[in-house]
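Taken in sequence, the protein lines are chains P and F.
Going by the numbering used here, the first sequence runs without a break in its numbering and finishes at 830.
Going by the numbering used here, the second sequence runs without a break in its numbering and finishes at 125.
Treat the hints as calculated values from the structure; they're not laboratory data.
Keep in mind that this is a model prediction, so the values were computed, not measured.
Just to be clear, a hint being listed does not mean it is correct.
Simulated pairs of lysine-lysine, DSBU-like, Cα-Cα distance not exceeding 30 Å [unchecked claim]:
| no. | chain 1 | residue 1 | chain 2 | residue 2 |
| --- | --- | --- | --- | --- |
| 1 | P | K804 | F | K95 |
| 2 | P | K27 | P | K144 |
| 3 | F | K15 | P | K540 |
| 4 | P | K168 | F | K64 |
| 5 | P | K443 | P | K168 |
| 6 | P | K592 | P | K709 |
| 7 | F | K89 | P | K443 |
| 8 | P | K341 | P | K194 |
| 9 | F | K37 | P | K586 |
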Amino acid sequence: MTKIVVIGNGMVGYKFCEKLCAQETAKDFEITVFGEEPWPAYDRVHLSEYFSGSTAEDLIMAPRSWYEENNITLHSNEMIVKIDREQKKIISHSGHDYSYDKLILATGSGAFVPPINGVDKKGVFVYRTLEDLDAIIEYSKKVKTAAVIGGGLLGLEAAKAVIDMGLKAHVIEFAPRLMPRQLDEAGSATLQSKLEELGINIHLNKNTQKIKGNGKLESMKFADDSELPVEMLIISAGIKPRDELAKDCGLATAPRGGVIVNEFLQTEDENIFAIGEVASYKNMIYGLVAPGYEMASQVVNQLVNEEVKPFMGFDMSTKLKLIGVDVGSFGDPFGDFEPSKPIVYENKNSGIYKRINVSLDGKRLIGGILVGDASAYNMLLQMCQNKMPLPPEPEDLILGARGGKEAAGAGVESLPEEAQICSCENVTKGSICSLVENDGVTKVDEIKSCTKAGTGCGGCMPMVNDLLKHQLKAMGKAVKNVLCEHFDYSRQELLDLVKVKKIKTYNELLDQFGQGDGCEVCKPAVASILASTWNELITKQDTIQDTNDRFLANIQRGGTYSVVPRVPGGEITPEKLIVIGEVAKKYGLYTKITGGQRIDLFGARVDQLPDIWEELIDAGFESGHAYGKSLRTVKSCVGSTWCRYGVQDSVSFAIQVEERYRGLRSPHKLKGAVSGCIRECAEAQSKDFGIIATEKGWNLYICGNGGSKPQHAQLLINDVDTETCLKFIDRFLMFYIRTAEPLTRTATWLNKLEGGMDYVRDVVVNDSLGIGEELEREMQFMIDTYACEWKEVVNNPQLRAKFKHFLNAEEEDPNLKFQDMRGQKIPAAW
Amino acid sequence: MISELEKYKTADTSKVTHWFKAAPVDRFPEDGGACIKYGDLQIAIFNFTRRNEWYACQNLCPHKMQMILSRGMIGSFEGEPKVACPFHKKTFSLKSGKNLNGDTCDIATYPIKIEDGYVFVGFEE
Ligand SMILES: Cc1cc2nc3c(=O)[nH]c(=O)nc-3n(C[C@H](O)[C@H](O)[C@H](O)COP(=O)(O)OP(=O)(O)OC[C@H]3O[C@@H](n4cnc5c(N)ncnc54)[C@H](O)[C@@H]3O)c2cc1C
Ligand code: SF4
Ligand code: SF4
Ligand code: FES
Numbered sequence: 001m002t003k004i005v006v007i008g009n010g011m012v013g014y015k016f017c018e019k020l021c022a023q024e025t026a027k028d029f030e031i032t033v034f035g036e037e038p039w040p041a042y043d044r045v046h047l048s049e050y051f052s053g054s055t056a057e058d059l060i061m062a063p064r065s066w067y068e069e070n071n072i073t074l075h076s077n078e079m080i081v082k083i084d085r086e087q088k089k090i091i092s093h094s095g096h097d098y099s100y101d102k103l104i105l106a107t108g109s110g111a112f113v114p115p116i117n118g119v120d121k122k123g124v125f126v127y128r129t130l131e132d133l134d135a136i137i138e139y140s141k142k143v144k145t146a147a148v149i150g151g152g153l154l155g156l157e158a159a160k161a162v163i164d165m166g167l168k169a170h171v172i173e174f175a176p177r178l179m180p181r182q183l184d185e186a187g188s189a190t191l192q193s194k195l196e197e198l199g200i201n202i203h204l205n206k207n208t209q210k211i212k213g214n215g216k217l218e219s220m221k222f223a224d225d226s227e228l229p230v231e232m233l234i235i236s237a238g239i240k241p242r243d244e245l246a247k248d249c250g251l252a253t254a255p256r257g258g259v260i261v262n263e264f265l266q267t268e269d270e271n272i273f274a275i276g277e278v279a280s281y282k283n284m285i286y287g288l289v290a291p292g293y294e295m296a297s298q299v300v301n302q303l304v305n306e307e308v309k310p311f312m313g314f315d316m317s318t319k320l321k322l323i324g325v326d327v328g329s330f331g332d333p334f335g336d337f338e339p340s341k342p343i344v345y346e347n348k349n350s351g352i353y354k355r356i357n358v359s360l361d362g363k364r365l366i367g368g369i370l371v372g373d374a375s376a377y378n379m380l381l382q383m384c385q386n387k388m389p390l391p392p393e394p395e396d397l398i399l400g401a402r403g404g405k406e407a408a409g410a411g412v413e414s415l416p417e418e419a420q421i422c423s424c425e426n427v428t429k430g431s432i433c434s435l436v437e438n439d440g441v442t443k444v445d446e447i448k449s450c451t452k453a454g455t456g457c458g459g460c461m462p463m464v465n466d467l468l469k470h471q472l473k474a475m476g477k478a479v480k481n482v483l484c485e486h487f488d489y490s491r492q493e494l495l496d497l498v499k500v501k502k503i504k505t506y507n508e509l510l511d512q513f514g515q516g517d518g519c520e521v522c523k524p525a526v527a528s529i530l531a532s533t534w535n536e537l538i539t540k541q542d543t544i545q546d547t548n549d550r551f552l553a554n555i556q557r558g559g560t561y562s563v564v565p566r567v568p569g570g571e572i573t574p575e576k577l578i579v580i581g582e583v584a585k586k587y588g589l590y591t592k593i594t595g596g597q598r599i600d601l602f603g604a605r606v607d608q609l610p611d612i613w614e615e616l617i618d619a620g621f622e623s624g625h626a627y628g629k630s631l632r633t634v635k636s637c638v639g640s641t642w643c644r645y646g647v648q649d650s651v652s653f654a655i656q657v658e659e660r661y662r663g664l665r666s667p668h669k670l671k672g673a674v675s676g677c678i679r680e681c682a683e684a685q686s687k688d689f690g691i692i693a694t695e696k697g698w699n700l701y702i703c704g705n706g707g708s709k710p711q712h713a714q715l716l717i718n719d720v721d722t723e724t725c726l727k728f729i730d731r732f733l734m735f736y737i738r739t740a741e742p743l744t745r746t747a748t749w750l751n752k753l754e755g756g757m758d759y760v761r762d763v764v765v766n767d768s769l770g771i772g773e774e775l776e777r778e779m780q781f782m783i784d785t786y787a788c789e790w791k792e793v794v795n796n797p798q799l800r801a802k803f804k805h806f807l808n809a810e811e812e813d814p815n816l817k818f819q820d821m822r823g824q825k826i827p828a829a830w
Numbered sequence: 001m002i003s004e005l006e007k008y009k010t011a012d013t014s015k016v017t018h019w020f021k022a023a024p025v026d027r028f029p030e031d032g033g034a035c036i037k038y039g040d041l042q043i044a045i046f047n048f049t050r051r052n053e054w055y056a057c058q059n060l061c062p063h064k065m066q067m068i069l070s071r072g073m074i075g076s077f078e079g080e081p082k083v084a085c086p087f088h089k090k091t092f093s094l095k096s097g098k099n100l101n102g103d104t105c106d107i108a109t110y111p112i113k114i115e116d117g118y119v120f121v122g123f124e125e
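If we strip away everything but chain F, and leave its shape as in the complex, we get (with noise of 0.2 Å):
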């Protein structure tokens, strides 16, 4: 399992070579998040409507590698937006990846951007 861990890299917008066409921006649940594939990936996107942003991470969970981070309840600490983990609340910056507990590893984040009603994630390589 620790090779699938290996598969998701933080990607950085100014590197990005690929902007993967997800999902029309209405598929997505308000202040909620939802699963994409892409390769053999798969990839946790955020519609927060509340503070009018989108965020991507990896969908795996790193603390019992547990496919699911899309469908944890988002939030903010102390102003920070995060994830929490179904399993084990656990929680992640959408931002950083860093994991807010400061007891297990961080996840990779990817950037995203809305064009024509359209949700594109961003991958390096």
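Next up, chain P with everything else stripped away, as it sits in the complex (with noise of 0.2 Å):
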């Protein structure tokens, strides 16, 4: 048995076990790690997550119990302060030592703290650690603004950190430009007007000579002379390997930091090896996850004797994430190693800037950056990395093809099998290739599961995405859209299942075309096309929905839901805002106005939904299908009755829409607008329908979506009368409901669909399908059939009883907790 000694549990040292653990002759191996962290090795990677709602859980990359299951001794909350290299032991702050065969070295790294007059004054901070984030939030709660010295990718991160703590941002950087390690000015110049548009103050050119203050950090004083007044700071100005171990116990260390190891990872002792973020090879920290995952792989090959590829540094290409600019600096990004010549695209209006750096022969891509628009940074990486043969004219690849040409080479499938696609967990394009074509792989998450393709970073996942669709293409299996493992028919293949076999449950269903039990992603699936179908109440089948469809309410933090009456147009009498006043206070509701032009009351406990709503619907309410995959609203303008410029009267039109589609159940939420004049003061360009007045009667725009991925809605129609106009959004509609996938909103769906808005006019304005009537047909029939859900479950006593938290006792939920935010209620955080 081999006594394994791994100092550090981060990243890479977790790494390592994972590796070693997964060779046939781990049993060989007696494994104990040493982490001084309260908490097993968690995803520094993705650290500042924890801003945005991620948990310490979340992060960690294996449990506890992972360790104990394969029989490591983790010891965490546990520094090693002493390597005996004479008798092989190591010595803990407790004062325990242990003894080793091999010590591997993977204590990481610090945050470089410049030796600034006043760092050590309360409200300077460093970026580091679950615990440093810990003391950010805590500290951030008494201030107003923050600053971040240092403008790279760590800083820029810290920055956006800061915006999402909701204080006013400063970012310091030294160099004349931001990112210097991986933009050159013109890039940088982007980056700052796009951060700045973000509400991120840039200062470049700024040395900071003194933190001043009276014992809390008040001001920041620059070598300039000028003077900053911020509340707190965060250093992210460079990282210092924890190397003291190894100078401490007589091991070389480079003159900037990091243990000296050779090709093979060893250190001077042929029993200890560096690896991660604390190792130099060649006088060079790699401070990024996949070259320390590239030496943990390599450590281990060499523990069990297997073929080592020797380490002979890596790329450090890398792409900006988090913060909402795309930013990426691959291969050589100034061409500074390699004589070549640069070809910039820039737009300073929509704020894009890019650069590629190709060799002097014009065959060889040597490097390049990206502002404002990534998309193409994988493909661009790959072409580098892979020395691959440039298109004749190079331009295309940042400019796209012109000219109606396809962008030459610009596929998955014009790269070579060694090209690294997951760089995170070294998968190549050969392995993934094969496991489609030999292992009979056909899901995403098997290639994530047998390669871990994808489980790092994530970067690389739309290009697994594309491969495996490239790959069963090119193997002529046609790549089906299926459900889930219930069913092996796509959404629209099950509708018309349901249609020509006139099935009305989800169990029939699944009896005679499924297999099985079901799960969370068929069952509202098949929920809503029944409910786009036979428009029956859906209350008829409750275990089969969402949780929001179950209690036909919105589920919010704490479990409690909101609840929002339609309100059809925008237009409501006082008499009825005064009913929602009422009832909001009378059951304690927070109320708030939503983007839909309605009122969303929050923090109804589950017993209270029916009540609510008997009161809303006596006044005359009826439920705003908010839980639904629905028709939410269609929002309007003023138009012509009140609005100088108004050419129709847009708020008659918008109440006669929703009216007539609510409760309309489809793949996705479905919104509209009208606007009175070509003012589109209601947005309804940026609707799955919206209605513009014109002088002659209305255009009709469709496919527009607000959303992660805002998508302007297309002109499918101009100039029309509202009967035209309404005939062609029922044929729309049913054309949508019955091809798309589920959870595809109408922007996506007119995306995917070959031949995109000319063909969808074709079907719906020329009738080129001839099933235009039947579309009709089928939309009539939902509009005759339509009934308030809400009335149905008031009026209904058994239907009443199912809305309450406990079966067994009369009691509501006792863990519902509350606090007070401007004189209203919120739930606690989670």
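With the hints in hand, could you dock these two chains into one complex?
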């Protein structure tokens, strides 16, 4: 049995254990790991997600039970203070000693804190561990502004965290540009203006001389004598390898820090290896996970006598994540190491800067910079790493093909077999394709679990997806979007089956066309199909509905629900407004105006829902279906009745449209809007269907979308009368409901549809499939059979009885907790 | 909230010392769940009509500590019965309590028996 001791339970130390345990000879090793942090190794790369809701548990690489199952002894909260190379043992801060046969140094690095006068003041932090983040979050509650020293990758990530905490953010950079190691001047300038739009103040060429304040930080003073008042400071000026243990026991360290290793990751002592951010190879520290993982792998290979690839350095290409601006830098971004010709594209208006460096013979890509649009990053990186031949007009790579021809050589198919797709886990194109070809793999999840591709930074997932599709297609397998393991059918096929076989319940469909017992994917999808076909009350089959549809309300943090009565077109009488106010007051609800011109009442307990609705229905309200994948609202501007510019009565039309499609279940939510003239105050072009008044009638736009990927709606037809407009919306919506995949908004549906907008116009306007009337008939059926779900529940004691927290007690959930904010209640934080 | 989580410990049928009479069988929705109160514990009980099986587990989702699992959809993953949390769709085996996404803690499960038209949940202690 070989005794392996690992010092440092960070990302790389953990990966080392994982790789060693995966070996057949794992039982020949006794592994002991020491980490000075209180928890098992966590994902530092995604540390900043701690600010956007991830918990410490989410970030943990593997729970303690994993270490136990793999017979690894993990000592958290234990710092190693000494290595005794002669006796081959190590000593911890608590005085214990442990002996080793092979020692792995994976102590990573700490934040580098420049020796500025006053850095020890209260309110100055570094950004490296969960504990740092906890301290930052705590302190941020008392302040309004924060500065970050360092305008590199990490500094900008920290700056994003500062805005996420609701503070005013400043970034201080010593160099004359941002991300000096990745960007050139023009790239930095583009990034700077984007960041300033996000509200981050950038200060370049600033050498911080003093941190001023009485005990706690109050301002920063710079070498040019200027001063910046701030209340909190995060230092993110680089890293400092934790090489103190190595130094202390006489191992050679590099002048710029780090334990010196050879290409086999060996230190001067043959029994001691160093991997990850503490290892210095050829005077270089690799501050990324991918090279660290590669080092871990090579040491494992040596321990089990497998083939070892010497570590020859690593590509340092990176993409900035999180901040909301695309930034990528790959290969040799400045063309410093090899003579090259840059090709540059810049659009100041849309904030895009792209540069590629092409070899002098014009045949190879050497490196490049992308700011504002990094969608080509993965492909360009691959071309660069694999020395792939360039297309005859290399500028196509950053401009896209112009003049109607396809962009040359930009697809995954042109990549060589050895192209590294996932650099974190070192997975090649060849290994992914062979899984698909030889092992019958057909799903991305399977690729993920077999190869671990995409489990690190996740940046390669789009490529893995493309590869899978491409490989399946190449093998002649239709790439079919089946619903889930329980149905080998696409949504469209199931919808046809439901219609043709007149299937009315989920269980019937599962018995006849599925297998197993269903799941949270197929149940709501089928529920939606059944509702879009038969329009029966969804409460009949309540347990196949998502919780929102099961309880006819939107679940919110803490497990209470919100209630949204329909306010067609956003028009409401004072009397009804008063009713909403009174109901909210009576049940202690938090009220907020929604983006769809109605009022949301939050914080209702499940048992209160029927009572609340009873009062609302008595006052003439009906369900707003805010909980359903169904029509939400048809927003309107005030239109020609009041507005001096209006040319049509947009409010009346919006009400008519909203009442026509209320309750219509669809693959995803639907939103509409009507504007009274071309000034477009109702923002109709951002909706699934948007109507804009003209002198002659209406212009109809379809397939717009807000949300995470906004997309403008496109004109379907112009200057039509009211009746024609409704007819085309009927056809369009029904066509979408028939053909879209589950949870696909109209914009995405259109993007994926072969033939795009021209095809939709052919079907809807020109009736090229001859199904126009059928679609209208189906819609008319939906309109005729509409009934308010809440009215049904309120009047049915059996249905009402389902709205309870406990089956065996009259009590409400004792775990509900609220706090006060600006005079209203909100749920206690999760 | 961690202390809340620690209240729930998987009970083994052979070690059950107390069978708690929860509610009549017909009060539970078909192929769905409901929550019952036992002392200061909240237990989710599922009537898996399709499989003719019953399951019980903690009502607390360990992901964001929400008292909610009884309102989750049930189903199967390669034959293993499971429940999906309504909040972020983390799924848990109803048999072993294991988190099937592999990124959240496992949950506690409890034995169940049906007698005289009543559902009983078993507890150790
Ligand atoms: C906010 C942030 C964002 C990042 N983003 C990215 C990114 O997008 N992409 C990327 O590739 N990289 C990123 N990185 C860098 C990446 O996290 C590191 O490269 C990686 O964590 C290095 O792993 P490691 O195991 O070598 O060191 P660490 O993860 O630092 O682990 C070392 C561990 O050893 C412990 N330790 C040290 N000395 C001792 C001792 N004497 N006794 C016991 N324990 C000890 C430390 O406490 C620490 O837990 C980011 C880093 C941060 C901080
Ligand atoms: S869109 Fe036209 S009609 Fe409507 S509010 Fe604006 S200006 Fe007035
Ligand atoms: S309401 Fe929408 S945008 Fe706002 S936090 Fe929730 S999901 Fe995000
Ligand atoms: S709270 Fe249950 S999955 Fe997030």
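Here's how the hints hold up against the structure:
{"no.": "1", "hint": "K804(P) x K95(F)", "verdict": "holds, 26 Å"}
{"no.": "2", "hint": "K27(P) x K144(P)", "verdict": "violated, 55 Å"}
{"no.": "3", "hint": "K15(F) x K540(P)", "verdict": "violated, 40 Å"}
{"no.": "4", "hint": "K168(P) x K64(F)", "verdict": "holds, 29 Å"}
{"no.": "5", "hint": "K443(P) x K168(P)", "verdict": "violated, 44 Å"}
{"no.": "6", "hint": "K592(P) x K709(P)", "verdict": "holds, 25 Å"}
{"no.": "7", "hint": "K89(F) x K443(P)", "verdict": "holds, 19 Å"}
{"no.": "8", "hint": "K341(P) x K194(P)", "verdict": "holds, 27 Å"}
{"no.": "9", "hint": "K37(F) x K586(P)", "verdict": "holds, 27 Å"}
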